[in-house]
Amino acid sequence: DAGVTQSPTHLIKTRGQHVTLRCSPISGHKSVSWYQQVLGQGPQFIFQYYEKEERGRGNFPDRFSARQFPNYSSELNVNALLLGDSALYLCASSDRTGYGYTFGSGTRLTVV
Amino acid sequence: EDKVVQSPLSLVVHEGDTVTLNCSYEVTNFRSLLWYKQEKKAPTFLFMLTSSGIEKKSGRLSSILDKKELFSILNITATQTGDSAVYLCAVGRRGMETSGSRLTFGEGTQLTVNP
Numbered sequence: 001d002a003g004v005t006q007s008p009t010h011l012i013k014t015r016g017q018h019v020t021l022r023c024s025p026i027s028g029h030k031s032v033s034w035y036q037q038v039l040g041q042g043p044q045f046i047f048q049y050y051e052k053e054e055r056g057r058g059n060f061p062d063r064f065s066a067r068q069f070p071n072y073s074s075e076l077n078v079n080a081l082l083l084g085d086s087a088l089y090l091c092a093s094s095d096r097t098g099y100g101y102t103f104g105s106g107t108r109l110t111v112v
Numbered sequence: 001e002d003k004v005v006q007s008p009l010s011l012v013v014h015e016g017d018t019v020t021l022n023c024s025y026e027v028t029n030f031r032s033l034l035w036y037k038q039e040k041k042a043p044t045f046l047f048m049l050t051s052s053g054i055e056k057k058s059g060r061l062s063s064i065l066d067k068k069e070l071f072s073i074l075n076i077t078a079t080q081t082g083d084s085a086v087y088l089c090a091v092g093r094r095g096m097e098t099s100g101s102r103l104t105f106g107e108g109t110q111l112t113v114n115p
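Protein chains in written order, with our numbering: chain G, 1 to 112; chain D, 1 to 115.
No wet-lab data here; the hints were simulated from the structure. Glycine is no exception: its CB is placed at the ideal position from the N, C-alpha and C atoms. One should not assume that every hint holds.
The list that follows gives simulated cross-link-like pairs (lysine-lysine, DSS-like), each with its CA atoms no further than 27 Å apart [stated by the list, open to error]:
no. : chain 1 : residue 1 : chain 2 : residue 2
1   : D       : K37       : G       : K30
2   : D       : K37       : D       : K68
3   : D       : K37       : D       : K57
4   : D       : K40       : G       : K13
5   : D       : K41       : G       : K13
6   : D       : K41       : G       : K30
7   : D       : K40       : D       : K3
Here are some chain D residues pointing at chain G (derived, C-beta under 7 Å) [what the hints assert, rightly or not]:
no. : residue
8   : K41
9   : A42
10  : P43
11  : L88
12  : R102
13  : F105
14  : G106
15  : E107
16  : G108
Make the full structure from the sequences, and use the hints.
Okay, here's the thing in structure tokens:
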């Protein structure tokens with residue numbers, strides 16, 4: 001079985017641009033969560049989606065948005081990129097019990 | 001607000017040493033504490049602890065939770081250079097799957113094992 005897959009693996013964007021990151025959960029997992037990990041820190045929660053509905057939002061500005069599709073894959077969108085948005089963006093999926101919380105390999109976003 | 005504090009933040013040891021990593025937490029409606037190993041990108045799952053006093057073991061790694069004192073330790077015996085990584089501790093709340101609760105992570109412990 002494939003694990004959590006994220007694309008792209010690396011991305012370089014210019015300040016002010018928009019970016020879309022993608023995540024496919026483990027088959028059968030209906031919950032997808034997004035995290036931002038700045039170098040030298042632990043991951044910070046951005047969003048959780050369950051059954052295509054937003055179930056939680058972390059302390060991030062409205063420039064960050066996400067959605068979940070009928071096949072449970074998810075997109076994270078960031079508008080008006082700032083240098084401080086440079087980070088590793090991790091996606092995690094879990095089953096309905098919340099256990100089996102598994103991370104993808106992440107997307108390394110660099111904003112120049 | 002949920003809080004997870006890990007110590008030490010970094011640790012350098014020699015192969016064969018035993019290390020103990022610490023994690024203390026404050027969380028509303030505690031459900032579970034998880035340990036992850038992060039080498040390059042994806043944090044990989046090590047342990048999930050939900051009950052106090054029950055040690056979980058996997059090879060040279062073991063972990064235990066104290067829900068009264070609100071902390072957990074991760075032990076690694078006979079360390080190897082391949083154990084070099086960042087070790088992350090995270091806590092989850094009850095109702096994680098639907099209520100929007102999320103994992104709260106500590107800063108991590110950077111472990112370096114020298115030959």
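Checked hints:
1. Under the criterion of a C-alpha separation no larger than 27 Å, the hint pairing K37(D) with K30(G) is consistent with the structure, at around 24 Å.
2. Distance check on the hinted pair: K37(D) and K68(D) sit about 25 Å apart at the alpha-carbon level, within 27 Å; holds.
3. Note on K37(D) and K57(D): the hinted pairing holds, with a Cα-Cα distance of about 15 Å set against a maximum of 27 Å.
4. Taking the CA atoms of K40(D) and K13(G), the gap is about 22 Å. The hint holds against a cut of 27 Å.
5. For a cut-off of 27 Å, the pair hint linking K41(D) to K13(G) stands: about 20 Å separates their Cα positions.
6. Distance hint between K41(D) and K30(G) is fulfilled; the C-alpha atoms sit about 23 Å from each other, no more than 27 Å.
7. For the given pair, K40(D) sits about 24 Å from K3(D) by alpha-carbon distance, which is consistent with the 27 Å threshold.
8. Using the Cβ-Cβ criterion of 7 Å, the hint placing K41(D) at the interface with chain G is satisfied: the shortest such distance is roughly 5 Å.
9. The beta carbon of A42(D) comes within 4 Å of a beta carbon in chain G, closer than 7 Å, and the hint placing it at the interface holds.
10. Checking P43(D) against chain G by beta carbon gives a least distance of about 5 Å; that is within 7 Å, so the hint holds.
11. For L88(D), the interface hint holds, the least distance from its beta-carbon to any beta-carbon of chain G being 6 Å, beneath 7 Å.
12. Against a cut-off of 7 Å between C-beta atoms, the interface hint on R102(D) holds, since the closest Cβ of chain G lies about 4 Å away.
13. Look at F105(D): its Cβ gets to within about 3 Å of chain G, closer than 7 Å, so that hint holds up.
14. Interface restraint check for G106(D): the shortest CB-CB distance to chain G comes to about 5 Å, inside 7 Å, so the restraint holds.
15. Given the 7 Å rule on beta carbons, the hint for E107(D) holds: about 5 Å separates it from the nearest Cβ of chain G.
16. Contact between G108(D) and chain G, as hinted, is supported at the beta carbon level, the nearest pair being about 5 Å apart and thus within 7 Å.
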